[in-house]
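Can you build the whole structure from these sequences, using the hints too?
Sequence order for the protein chains is A and B.
For the first sequence, the numbering used here assigns the number 1 to the initial residue and increments by one for each residue that follows.
For the second sequence, the numbering used here assigns the number 1001 to the initial residue and increments by one for each residue that follows.
Treat the hints as calculated values from the structure; they're not laboratory data.
Accuracy of the hints is not assured; some may be wrong.
Rough simulated footprint, nothing fancy, chain A against chain B, three-plus residues with beta-carbon under 8 Å [to be verified]: (1) 1076-1085; (2) 1125-1137; (3) 1179-1186.
On a predicted model such as this, the values are computed, not experimentally measured, just so you know.
Note that beta-carbon positions come from the ideal geometry of N, C-alpha and C, so glycine has one too.
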Amino acid sequence: MANIGTVTETDFQAQVLDSETPVLVDFWAEWCVPCHMVSPVVEEIGNEKGETLKVAKLNIDENPQATRTYGVMSIPSLILFKGGQEVARVIGAKPKDAILRDLAPHL
Amino acid sequence: MDDLRNVIVIGSGPAGFTAALYAARANLAPLVLKGLEAGGQLMLTTDVENYPGFADGLLGPELMDQMEKQAARFGAEILPVHVTDVDLSERPFVVRAGDQEWRGRTIIVATGATARWLGVPGEEKLRGRGVSACATCDGFFFRDRELVVVGGGDTAMEEATFLTKFASKVTIVHRRDDFRASKVMSARALANPKVDVIWNTTVAEVHGDDAVSGVTLNDVRTDRSRTFAADGLFVAIGHDPNTALFRGKLALDDEGYVTVAEPRTATSVPGVFAAGDVTDRMYRQAVTAAGQGCKAAIDAERFLEDEAHGR
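Shown next, in the form of structure tokens:
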């Protein structure tokens, strides 16, 4: 299972930017209702993709610096990082197949 | 077969959960497929002050949580899946979510409505980068910023009022010279010192590269345009019914709402009923949706009884 759980500003470099496999980061907050709908979908995607994709959650309230760095102005935002670079971004609550469609060219 | 249900409810707003509650209490063991926007539009609102029985008001998500628990208490099975396909061409009907599948003797469509976008240049590119349709989701990102809210209904008033918690200034842009919103909601917005209104004006374009920098406003009386600086744009111009699943399968009106045989909830397909905002272009209230959900469950129950008795 390729779910690395919670990432923070402190371990973002090691866990996400330096990762050999692509990482899908779920920018979320406790008070964001649509985030609670998307997070289980992200976990499912992580489980299905096995070793080809890691998924992680980043709490925007606790990590304002990373939130600003990546210009997140709407949550949920799912950002796919590959080789330390953002390669795709999915904004808002979308069904699983729509998320997978947006990520497919990069996986 | 064991996957054959008496009633499948598609949707989980006030209409869906009320239908589930009534169907469960009629011993029909309904299945509720919640959908991606589980809980419906009330999940994105803050205070609900007009749902009768709650004298002090309550939060939208709290109300939906109560409705879900109430339906579950009487035996509704509630699954967090998003329906992707339905087959209504023969009975039992088939409902699919990805590779999962259920069959239903009756179906209650309660898929609700989703916020409508302006469809102007720049809007889609900047969605999630300053363009939003959900103040409670994204207001947080606009502390001490200047915002534009487009619209003149209750949603626009609520969003504008809510956004003043964060923003330094909120300008409501409305295409007419009068709000459609209820008196209490518009009075509250207008009384807020951070709220301004620009009447008789539409938003024609959204500017910005990585973030919103402003909008083009168009005065509908003079047809003059001007640029207006803003850090964010919240769109609250109404809703469209969620009926893409049912196109070509159920009779829809010219705006895409499911047509029902008022005062009943029967659709064009016998055994399929519909309730809530997916049918309603006029009232769109939590309490009217709940009322219609109740009617749909009773209609489904009678339909099953008539069928059992060969009527």
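Hint check:
{"no.": "1", "hint": "1076-1085", "verdict": "holds (count 3)"}
{"no.": "2", "hint": "1125-1137", "verdict": "holds (count 8)"}
{"no.": "3", "hint": "1179-1186", "verdict": "violated (count 0)"}
Consistency note: the structure conflicts with earlier hint 3 alone.
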